[in-house]
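*Asks:* Letter by letter, the chains look like this.
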Amino acid sequence: MDRDELASRVLQLLTAIAPDVDPASVIPGVAFRDQFDFDSMDTLNFAVALHRELGVDVPEKDYAQLASLEKCVAYLHQAMP
Amino acid sequence: MATEFRLPALGADMDAGTVVEWRIAPGARVKRGDVVAVVETDKGAIDVEIFMDGVVREIVVATGNRVPVGTVLALIDTAGQAPPAAAAPAGTGAPEVPSVPVAATAAERPKVSPAARRRALELGVDVAQLRGSGPGGAVTVEDVERARPAVAGPAPPALATAGEEAPAGGMRAAIAAAMSRSKREIPHYYLATHVDVGGTVEWLAAHNASVPAPQRLLFAALIVKAVALTCRELAGFSGFYRDGRYEECESVHVGVAVALRGGGLVAPAIMDTARKPLAVLMDEFRDLVGRARAGRLRASELAAPTIILTSLGESAVETVFPIIQPPQVAIVGAGTIVDRPWVMGGQVVPRPVLGLSLGADHRVTDGRLGARFLARVAERLLDPGSL
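Protein chains in written order, with the numbering used here: chain A, 723 to 803; chain B, -4 to 382.
Dumping the calculated SDA-like pairs for lysine to any residue here, alpha-carbon to alpha-carbon at most 20 Å:
#1 A:K783 <-> B:E197
#2 A:K783 <-> A:H799
#3 A:K783 <-> B:S205
#4 A:K783 <-> B:P209
#5 A:K783 <-> B:P347
#6 A:K783 <-> B:N203
#7 B:K26 <-> B:F46
#8 A:K783 <-> B:G308
#9 A:K783 <-> B:Q210
#10 A:K783 <-> B:L199
#11 A:K783 <-> B:G193
#12 A:K783 <-> B:A200
#13 A:K783 <-> B:A204
#14 A:K783 <-> B:G194
#15 A:K783 <-> B:F214
#16 A:K793 <-> A:R725
#17 A:K783 <-> B:V333
#18 A:K783 <-> B:A215
#19 A:K783 <-> B:T331
#20 B:K178 <-> B:D238
In short, the hints are calculated from the structure, not lab data.
Taking the hints into account, I'd like the entire structure generated from these sequences.
*Replies:* Here it is, written out as structure tokens:
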């Protein structure tokens, strides 16, 4: 999966767990938390979705790497086979 | 024989709702627990379950109508057989029965974002008829806009038409009304304490490092369980004060306050909290928060809490002085866990500290019992293996 595909997949998962977020409005470089009040429950749900849909188990200590779309894509790009 | 199916209570701060979707049509068989309608309230869309088995005789309130709690929404033949066709004539003046296909189960139901649902209500668009283009087939605001009728059909008003008030304003008004009532009627007392939760934080990190994401726990889940167990141990905190007297509830249903991104909050219950193992409790907690934010809570979950936990999460604020949600008589608050100087064995050391607080009702308990309650919650948190 290239970075563009990965970004669109991540956006899809993001809006599946947070349907109140408009995917078109997500700014890649800004933390989800600062853009739409992402909290620890959202982060956990996001990690669960990544585990289920992409088969990537992100350890809790790496959650900070999932903070924004940009960081997320970079992290997943190297974490995925 | 026809039984009246009424709009159930939706919690202290909601006294009316707008039927936005029927998931049943006359002739459909229903069973206890089925989601039969979606009702838009000041706190978002809510799935309404039915609490009887039978066959739908008549839809009394058509979609688009805002009606008070307790209004008859539909008539159900509870004898078990469908009514003869001749029995169908509705009373004069009954609203037209909307032609809604017999609904899919809740699981197959299209997801509709709260914003899309709100827009649909404003435009008079039936979301059940839309094919969603969003993630997982979710109906988006754009889908609703596309389906906008050339001339918006007027909704027949029962109490008032929906959309005459901005939803966020409705949410704010609902919260204000409930909190005003609380402050007017309930003689609150407040207690707060700080707990060194270092050991529990480590226990949790070790647990979460050993399991995949779906099995990880949040600290808040531990607090929920600790509160539930303490409610079973000490009476006077988990129940309802109604008509001048307090009644302890047999089962503890801890409500969790969930902040919504558009502003406002809801507090649905994790049912029978004290009896659930942590893993189950966490799954339900996760599901509940997700559905609260997606606008897919059930009416029963909103009316059930016997006590609420409000947790500030990562806000960096240490203490909350929570306001009781009537008819409940207590609410527990949890602040953000922060590193603070702590005295241990005569030394000042940095420790992760949790601020715990309690708002309780003087008509039922006093500070002495409240202090015992809070201390027991703290003790349980320090022994996470026992939760």
